[in-house]
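Each chain, written out:
There are 4 protein chains.
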Amino acid sequence: MIAILKKDANRAAVDHLLSWIEKKGLQAHVSQGENELIVGLVGDTTRIDPFLLESMDIVERVQRVSEPFKKANRKFHPMDTVVDCGHGVKIGGDHFQVIAGPCSVEGENLIRIARRVKAAGATMLRGGAYKPRTSPYAYQGMGAAGLDLLMEAGTELDMPVVTEIMDPRDVQLFLDKGVDVMQIGARNAQNFPLLKEVGKTSTPVLLKRGMAESIDELLMAAEYIMSEGNPNVILCERGIRTFETRTRNTFDLNAVPVLRYLSHLPVVADPSHATGYTRYVEPMALAATAAGAHGLEIEVHDAPDQAWSDGAQALTPDMFDDCMRRIALIRAAIEPEGGECA
Amino acid sequence: MIAILKKDANRAAVDHLLSWIEKKGLQAHVSQGENELIVGLVGDTTRIDPFLLESMDIVERVQRVSEPFKKANRKFHPMDTVVDCGHGVKIGGDHFQVIAGPCSVEGENLIRIARRVKAAGATMLRGGAYKPRTSPYAYQGMGAAGLDLLMEAGTELDMPVVTEIMDPRDVQLFLDKGVDVMQIGARNAQNFPLLKEVGKTSTPVLLKRGMAESIDELLMAAEYIMSEGNPNVILCERGIRTFETRTRNTFDLNAVPVLRYLSHLPVVADPSHATGYTRYVEPMALAATAAGAHGLEIEVHDAPDQAWSDGAQALTPDMFDDCMRRIALIRAAIEPEGGECA
Amino acid sequence: MIAILKKDANRAAVDHLLSWIEKKGLQAHVSQGENELIVGLVGDTTRIDPFLLESMDIVERVQRVSEPFKKANRKFHPMDTVVDCGHGVKIGGDHFQVIAGPCSVEGENLIRIARRVKAAGATMLRGGAYKPRTSPYAYQGMGAAGLDLLMEAGTELDMPVVTEIMDPRDVQLFLDKGVDVMQIGARNAQNFPLLKEVGKTSTPVLLKRGMAESIDELLMAAEYIMSEGNPNVILCERGIRTFETRTRNTFDLNAVPVLRYLSHLPVVADPSHATGYTRYVEPMALAATAAGAHGLEIEVHDAPDQAWSDGAQALTPDMFDDCMRRIALIRAAIEPEGGECA
Amino acid sequence: MIAILKKDANRAAVDHLLSWIEKKGLQAHVSQGENELIVGLVGDTTRIDPFLLESMDIVERVQRVSEPFKKANRKFHPMDTVVDCGHGVKIGGDHFQVIAGPCSVEGENLIRIARRVKAAGATMLRGGAYKPRTSPYAYQGMGAAGLDLLMEAGTELDMPVVTEIMDPRDVQLFLDKGVDVMQIGARNAQNFPLLKEVGKTSTPVLLKRGMAESIDELLMAAEYIMSEGNPNVILCERGIRTFETRTRNTFDLNAVPVLRYLSHLPVVADPSHATGYTRYVEPMALAATAAGAHGLEIEVHDAPDQAWSDGAQALTPDMFDDCMRRIALIRAAIEPEGGECA
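Chains as they are written, first to last, in the UniProt record's numbering: chain C, 1 to 342; chain L, 1 to 342; chain B, 1 to 342; chain W, 1 to 342.
What the hints contain is simulated information worked out from the structure, not anything from laboratory work. No residue lacks a Cβ here, since even glycine has one placed at the ideal position from N, Cα and C. Mixed in with the good hints, there may be bad ones.
[Stated by the list, open to error] The following label-pair restraints were derived from C-beta to C-beta distances:
{"id": "1", "chain 1": "C", "residue 1": "Asp-302", "chain 2": "B", "residue 2": "Tyr-261", "range": "23 to 31 Å"}
{"id": "2", "chain 1": "L", "residue 1": "Arg-47", "chain 2": "B", "residue 2": "Val-30", "range": "42 to 50 Å"}
{"id": "3", "chain 1": "C", "residue 1": "Leu-175", "chain 2": "L", "residue 2": "Lys-24", "range": "52 to 60 Å"}
{"id": "4", "chain 1": "B", "residue 1": "Ala-332", "chain 2": "L", "residue 2": "Gly-143", "range": "54 to 62 Å"}
Could you build the full structure based on these sequences and the hints that come with them?
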């Protein structure tokens, strides 16, 4: 971290700053610019608040030199991480996977939908048993019974299951049921007790970006999980909130190459939530694939107008068949030497 | 809820829609506009997803008629709610309160700071024992020992204590310690398990707006707490996230009169987080007061450059003295007939 | 347009509203919902301000039924518009084009760069002679001399030239020079005098989306041009402004399928400005192609670190060669029956 | 400007960078941090693109030391600028003014409204003769005839007139008519030809912030005007665009103290556009005053439901009377020693 001091910084104030830095357990390295003093903070600066430093009277600007995330940082881990999701399914590096299924687990239609998405080429099954809903009066999910239905479907079809966890008190239940991948949703993107709790397991975590979360903050959230000991984090871009109202969210696909540049973790994109409307899911699934995502998460329902949640953005199984065919063509186009799909 | 159908909607599709509405337990009331059919959905529409309805082929637009929040809605509760925070301190209606104290509980300085803010006119004491931090490597708070220090200070000074809760597993501890007001922070604004858990108590909840949370969603989050049985919700505007980087957040002070118009709940503003820099806290505290807030939450520290968190936005006790004098003048200006302060 | 009245609207106020509507030259069509009166405004509602209507005491909500754009609306013009840009180059429908060249026209390097982009498969040449710069002290462009260099290059290489116009007083000059496509930049996205002035010509206009411009407003800006008589409008998504700072802008690629759904006009995407960094241009160019854009605008410079502007986001000619090869593969993947490229 | 180099930067690349800096007419001042090389760019860095520098392979981060605005910068002009708007009305420093009048000049009602706002204490008259409207089919303003009506009212009431200019071709007309203050609206906030053209006059310019314009960019836009020779710039916060839809814009009142800190120019706030609804105008006018604005711009209409534009946010003259009384009380509260009003 570098602090650039104001031109008129007086000596006593500078000395105070230097001793403050040393009290924080860091070394201060002073260099004289043409017009201003530059103070480098050397050591572990992750505990230093740059806002505080910048608010000091003699400080003009503060600049981080190194990112505050370490374990998620490609600089310290140049090779792509490949996460093993169970059932022989790996994601990251050259491994591209499509996660599909209904928004909510609703009952017997789960297995019907699961068979269709498997037949179309999806390699992981999604479905929500615990649902975060804006309204307390909206359907909140089947809970543990939903987990059972998911696990049965995963077993029958030999597919890892991805399902959302919202409450740190549920982690043991998810482990007991054998959930393959725990998903953390946008609203819990900075729910630190939950991040820490899943970090204490070794189950892969699909971590969605929050609606107002910067890319750096997403990586810091991954760092929470990893710093507790769980390296199996899959990042997910699912749209951020902006002024545009023609779509449910604004799909920040730039985040795909940016995250791949900054981090070694697998990056998945969710065109269902990022658009909010069935008609835009396929083009944006193709776009995310072309942008270099390691995987996609897509909502599929066999009767969208009967869906308990998010029917507006579901593909039917037939639409999903078409979409998967085109995704495979895009994958072939960008990886002509043959990255493996599933 | 009103659905406006497309001009070319065919009869069979309209009939399908009408029977879909009835299966949801609602009545459909059809009226013929000049060019389009208008379908009113009559009954409890809180479980209807307007996005799904709008995604149907024959539907042009959907418009909610009534807000999805009920218990927080001024329409159904025209009088201002006054929340009793303990120690004889009430907020809402004509009762205006200033909550002040350090960002984090750090130790023995708490009581020194608390005495100063009390002397200056603050009526409630804040301090964080559990801290949500972007980095897992940053200071995470004193935990239960911090709660003890807070409660001791509150007892000594006869002030209710406001402190943040992040984990639903901590609710019983907060109750056991006798915390007067549980604060839910921006990052947990839509942490529904936490909202439900504090909703099962009768302890007042200071509910902060999320960084990308719309005003309607904030009211829906309040609804989560209220629908579990706890009517004692205090709303708090603390800045939203936008493109502007000269301040830590963008203080959406419009939210103060908008929330007062839409809801009967008390509305507090937090100029410390909403600006992020000490130098802007006083003018924005005055602005929030003039906008009609029922209270302010302000961070005060007697040695900001030694603060464990957020020193950049802390007022010193001397600055706070000045700020309180001006706040009182603004209060007098907007409530000349004499709304009571504290 | 539909106005939903409040439940307790009194008769006199309703009558006042109905007569107000009729004075505006519209018919009011009243229908009784279960709980509320619904008033349909029939006729040309483009001059009615929905905010005003909604602010009236008895009005609960207002909903537009039809979009305020007419000429740009696919509903009234279902077939894709194909714009003829000169030199035999058409864009829109099945015609996909890549516009490439340096950010600024700088001098003799223009023709060198132009030859390279043409050789790589670009079909239109870009270059700025008039540059909108945030700082008055930054380079402002070569002006008319730059137009001459561009036109010479276009003639030599038989390529239409795309260049930015910022001032309505320059339209005649652009016509005199024979500029093939006039580009309107993000900062002039709602510069209505400029939009009207280019609308009086028949020269194609490449209209970029403003940094805070909604999709509907972009289409209204196109409507300004079209309503003056010029139907040759090409829409361009170039990134919007959000809280994310790891990229120069947030590339709203959702806008590509949304604009294609709402409008018949060609839709181009600009991955250079939308990312701001060379390293992200290729993946996002591929993503935009996969999302269904009718074209791309890409900045290419043979010595980016010497570029007079925006070198940070330029591809070198060699990088552009690679990028074009992959773009062609993506095009083939999404249009297997063979949409024509150039 | 400071460039922090990557740890592994090789010598040849560093030398290339240093010579690049020198070719730009700057000096490079190298200092060795503990782990990284720091290069200071000394001289006039206003022409250096920090994005380009940051995109270079060996560069880790770039940090501006000094703001790119000079003439608008308080550092180089510590005293508040006071702008003389004519008719003896000054704004800035201790001079606080209220600008009021209808959104659009519509005809004979202008003088009626003007008399009322003058009687209530407004000191400047606003009214739009040239109107930027999202729709080409909406009312576009009376044009030159509207300017005549405005100037007549200003003369009769001895008030300076503020009115919007959208087209650089209109500057001479505005001068000929004797317009006292030319307003530049949000949509033209970065219309550089217009900024330059008004910069060539000495008429005061009220410069509104664009909907996605950062505070720094607003100051750079002021710099455009000032660098042409016109020092009479008044800055105006009128709301920015965010995800919140309960108000027309998000009023970034933080900008008031931030602009006062960074610049010496007068800062005005516009609660009419910043809220969009009559009911929120007064509380936000008071808030802006308390935040330290040098003035307010408020829309007043005697028959809002007949207004040709923006009736939804207009105060009636009676409401304006009340609002002005409260504004005076707030002014007295924050400036007890007696800043002068009008």
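Hint numbers not upheld by this structure, sorted from lowest to highest: 2 and 3
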